[in-house]
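Based on the sequences and whatever the hints tell you, model everything.
Here is what each chain is made of, one letter per residue.
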Amino acid sequence: MLLFSFGVFSQEQKMSESEISAFKNSVNATAKSTKTLTTDFTQLKHMDFLSKDIETSGKMNFKTPNMLQWQYVKPYQYSIIFKNNKIFINDAGKKNNIDKGNSKMFDKLNKLIVGSVNGNMFDENEFTISYFKTKDFNITKLLPKDAALKKYVKQMELYFDKTGNTVSQVKMIEPSNDYTKIIFKNKVINAKIDDSVFNN
Amino acid sequence: MQKLMIRFSIISILLLVFASCAVKTVKDFDKTEVTSQVYKSPYFSDKNEDYVYKASISVYGNNFGGIFIVKKTNETKHRAVFTTEFGNTLFDFEISGNDFKVNHIIDELNRKILINTLKRDFMLLLKENFKVSEQFENENFKVYKSPDSRRFNYLFVNKLDKKFSKLIHTTKSKEKINIEYLSENNTLADKIVIQHQNIKLRIELNKIIN
Chain A
1 MLLFSFGVFS QEQKMSESEI SAFKNSVNAT AKSTKTLTTD FTQLKHMDFL
51 SKDIETSGKM NFKTPNMLQW QYVKPYQYSI IFKNNKIFIN DAGKKNNIDK
101 GNSKMFDKLN KLIVGSVNGN MFDENEFTIS YFKTKDFNIT KLLPKDAALK
151 KYVKQMELYF DKTGNTVSQV KMIEPSNDYT KIIFKNKVIN AKIDDSVFNN
Chain B
1 MQKLMIRFSI ISILLLVFAS CAVKTVKDFD KTEVTSQVYK SPYFSDKNED
51 YVYKASISVY GNNFGGIFIV KKTNETKHRA VFTTEFGNTL FDFEISGNDF
101 KVNHIIDELN RKILINTLKR DFMLLLKENF KVSEQFENEN FKVYKSPDSR
151 RFNYLFVNKL DKKFSKLIHT TKSKEKINIE YLSENNTLAD KIVIQHQNIK
201 LRIELNKIIN
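Sequences listed follow chains A and B, in order.
Sequential numbering of the first sequence, starting at 1, is according to our numbering.
Sequential numbering of the second sequence, starting at 1, is according to our numbering.
Warning: the hint list may mix true and false statements.
A few chain A residues that face chain B, going by a derived Cβ cut-off under 10 Å, partial list only [claimed, not checked]:
id: 1; residue: Gln-43
id: 2; residue: Asp-91
id: 3; residue: Ala-92
id: 4; residue: Lys-94
id: 5; residue: Thr-180
No wet-lab data here; the hints were simulated from the structure.
Cβ atoms here follow ideal geometry from the backbone N, Cα and C, with glycine treated the same way.
This is the structure in structure tokens:
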């Protein structure tokens, strides 16, 4: 079933060992030279029992080493900022801070989110990783090893643009097989982003 | 004679106590004849509809949000799911009449007291047929009183536009939960506020146009 719904990206082929190392090198090089990243995104939440996926969209800003802002604009205003081991939430004007310093789970989710944006996710200690390619994408599929993380995420799939070696789609599959798909559009790399963007 | 006096005093004291304890919900309302045996809630009753809400929960001064999703999956069953804004499922319940099944809940929220609170809230929210035992009205509302185990639900229906605008869940003497509905068309609730009276819990749901 899962493979089926991926018809669009059909003809997935496993990468060879040499392709894997070339791919990793170019992604790491791109990640290293990426100081900032700004992009629009569309998020689709798929649940089997719903007739339609839930679509939300907004803007994302990332600045090295670890400032990240997700800003949902449609159909509601919500922004979440990951900065200095803290999470700042602005929910339509209601502000909330979470200190994730003592939450291992938050830390892992944060790494997952930052990693899926800059592609820095080749951590064999955390994930069992497999590599695939199609005409347009290089694809990594990550299976969490950590028991706590496994309860939230069954598998992460990152789709990398073959042209720019940056992530253009993320699919997070839950243990129930429902998933969230995030598609990035209008990516701009290394544009100047003011630090104030990461203040709520 | 003295015995009679004492008995009389006790009865009056009891009456006084009972009278002052009676739930205030329909105070100043006129009791009328019951005109329909069952009141059918129009909300969450369409199997073709995905009911998706942005949720803001405030509990003892802490605020958090997420997405609340309801789907009527067959004639008697509803699925109620809560996810983060990113889409991670926090809990997934199945409700059918008085049956309540937890399909999934994350460890951090897996507390009996929390589940029982949510269970009662969602059962009230998703209940479709209310048996009417008494009926009241004032200038603006018709109120249907419906027994719910040892408790009661008072359903407020606006006289003018016939909209189901409020549900008050009570014991014999106290209001426990207040649910207010705002609806444009009387079949979809655009905004719902669940307010608890005995604990500091407020859930606000705003419909997302998908």
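Hint check:
1. Hint on Gln-43 (chain A) holds. Least Cβ distance to chain B is approximately 7 Å, under the 10 Å limit.
2. Here the hint on Asp-91 (chain A) is kept, as its CB sits about 5 Å from the closest CB of chain B, short of 10 Å.
3. Because the beta carbon of Ala-92 (chain A) sits about 8 Å from the nearest beta carbon in chain B, less than 10 Å, this interface hint is met.
4. For the restraint placing Lys-94 (chain A) at the interface with chain B, the shortest Cβ-Cβ distance is roughly 5 Å, inside the 10 Å limit, so the hint holds.
5. The beta carbon of Thr-180 (chain A) comes within 3 Å of a beta carbon in chain B, closer than 10 Å, and the hint placing it at the interface holds.
Taken one by one, the earlier hints all hold for this structure without exception.
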